[in-house]
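Protein chains: 2
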Amino acid sequence: ARPRVGYFYIGDHHAKDLVGDLFRKYQVKDYKSLPVVVHEHTTVYDAVVTMFLEDVGTLFVVRDEGVLVGVASRKDLLKVAIGQSNLHEVPVSVAMTRMPNITTIDLEATMYDAARKLIEAEVDSLPVVRCGSEQQLEVVGRITKTTVTRLVVELGSLRNV
Amino acid sequence: ARPRVGYFYIGDHHAKDLVGDLFRKYQVKDYKSLPVVVHEHTTVYDAVVTMFLEDVGTLFVVRDEGVLVGVASRKDLLKVAIGQSNLHEVPVSVAMTRMPNITTIDLEATMYDAARKLIEAEVDSLPVVRCGSEQQLEVVGRITKTTVTRLVVELGSLRNV
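Sequence lines, in order, name chains A and B. If you read the first sequence in the numbering used here, its first letter stands for residue 1, the second for the next number, and so on. If you read the second sequence in the numbering used here, its first letter stands for residue 1, the second for the next number, and so on.
These are computed hints drawn from the structure, not numbers from a lab. Note that the structure is a prediction, hence the values are computed from the model and not measured. Warning: the hint list may mix true and false statements.
[Said to hold, decoys possible] Here are the in silico distance ranges between beta carbons for each label pair:
id: 1; chain 1: A; residue 1: ARG63; chain 2: B; residue 2: THR103; range: 55 to 63 Å
id: 2; chain 1: B; residue 1: GLU54; chain 2: A; residue 2: VAL49; range: 43 to 51 Å
id: 3; chain 1: B; residue 1: CYS131; chain 2: A; residue 2: GLN136; range: 33 to 41 Å
id: 4; chain 1: A; residue 1: ARG63; chain 2: B; residue 2: LYS79; range: 26 to 34 Å
id: 5; chain 1: B; residue 1: ASP46; chain 2: A; residue 2: SER133; range: 35 to 43 Å
id: 6; chain 1: B; residue 1: PRO100; chain 2: A; residue 2: LEU53; range: 22 to 30 Å
id: 7; chain 1: B; residue 1: LYS79; chain 2: A; residue 2: LYS25; range: 34 to 42 Å
Where a beta carbon is used, it is the ideal one built from N, C-alpha and C, also for glycine.
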């Protein structure tokens with residue numbers, strides 16, 4: 001933040017404030033990625049294969065009507081995978097974190113809220129949800145630590161354009 | 001970035017520039033976490049256990065003298081874990097990404113460089129290294145997408161203090 005022609009030097013304190021301002025203005029709905037979902041009856045083996053094929057670190061687990069029932073991270077699946085279970089028989093629902101213990105983020109929330117939830121809940125990925133019929137959560141996207149890190153890189157690269 | 005008493009309104013474009021400025025000023029050496037390392041002869045099973053005990057997503061693999069020889073992510077270990085191998089026999093070196101295919105970050109680099117490398121290399125964690133004896137890399141820390149996300153949250157929380 002050194003002085004440059006055409007800009008006011010505003011000091012570091014205010015510069016830090018602005019990071020929060022920007023992330024509070026950017027909305028989850030504009031930065032979310034596509035969610036990768038599996039059915040709750042999917043086997044752990046097939047869930048891991050889906051994870052590799054889709055190249056994601058977290059799967060969202062749904063019931064027939066697309067209702068969110070759980071989240072399965074690489075950590076969850078790795079825990080089952082090193083156990084004695086037959087991965088072709090155990091369903092992903094055994095390994096996943098279940099509702100209501102899942103941290104979700106609202107479609108209308110800000111990227112700052114999303115970043116804060118990722119840190120506070122100690123998770124890599126948040127399902128972006130909206131309320132479907134009968135007050136059940138429908139998954140419409142995902143926000144991850146990658147989304148936040150990429151946003152920092154994109155903002156910082158403006159200077160080099 | 002609405003106008004407030006005592007501050008100049010500087011506009012969104014400059015606000016975005018400042019994100020890059022801040023991250024280019026913050027240094028890896030001030031934000032790095034402790035690295036979690038395992039020896040290259042550790043079994044995949046023991047590596048996974050270490051990962052859970054230390055609660056990290058990535059292990060750095062070293063040779064006797066502490067020289068970095070590889071990086072093992074949850075993804076790498078999960079790939080081996082769903083295979084037919086005996087995890088108590090296979091060494092972590094079979095699963096890891098090896099030097100020179102590892103993306104590292106220098107102790108003297110900036111947090112912006114670290115964020116950019118995390119995105120470009122598509123990894124969750126970077127070993128922070130310095131040159132040891134005989135031009136070999138020594139691991140002295142780690143920077144992850146969590147480090148970057150936490151920094152965003154901390155900067156943004158100043159406004160609420």
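Here's how the hints hold up against the structure:
1. ARG63(A) - THR103(B): 55 to 63 Å: violated (39 Å)
2. GLU54(B) - VAL49(A): 43 to 51 Å: About 27 Å separates the Cβ atoms of GLU54(B) and VAL49(A), which means 43 to 51 Å is violated.
3. CYS131(B) - GLN136(A): 33 to 41 Å: violated (56 Å)
4. ARG63(A) - LYS79(B): 26 to 34 Å: Cβ of ARG63(A) to Cβ of LYS79(B): about 29 Å, so the range 26 to 34 Å holds.
5. ASP46(B) - SER133(A): 35 to 43 Å: violated (48 Å)
6. PRO100(B) - LEU53(A): 22 to 30 Å: Given range 22 to 30 Å: holds, Cβ gap about 28 Å.
7. LYS79(B) - LYS25(A): 34 to 42 Å: With a Cβ separation near 40 Å, LYS79(B) and LYS25(A) satisfy 34 to 42 Å, so the hint holds.
Violated hints, in rising order: 1, 2, 3 and 5; the structure is consistent with all others.
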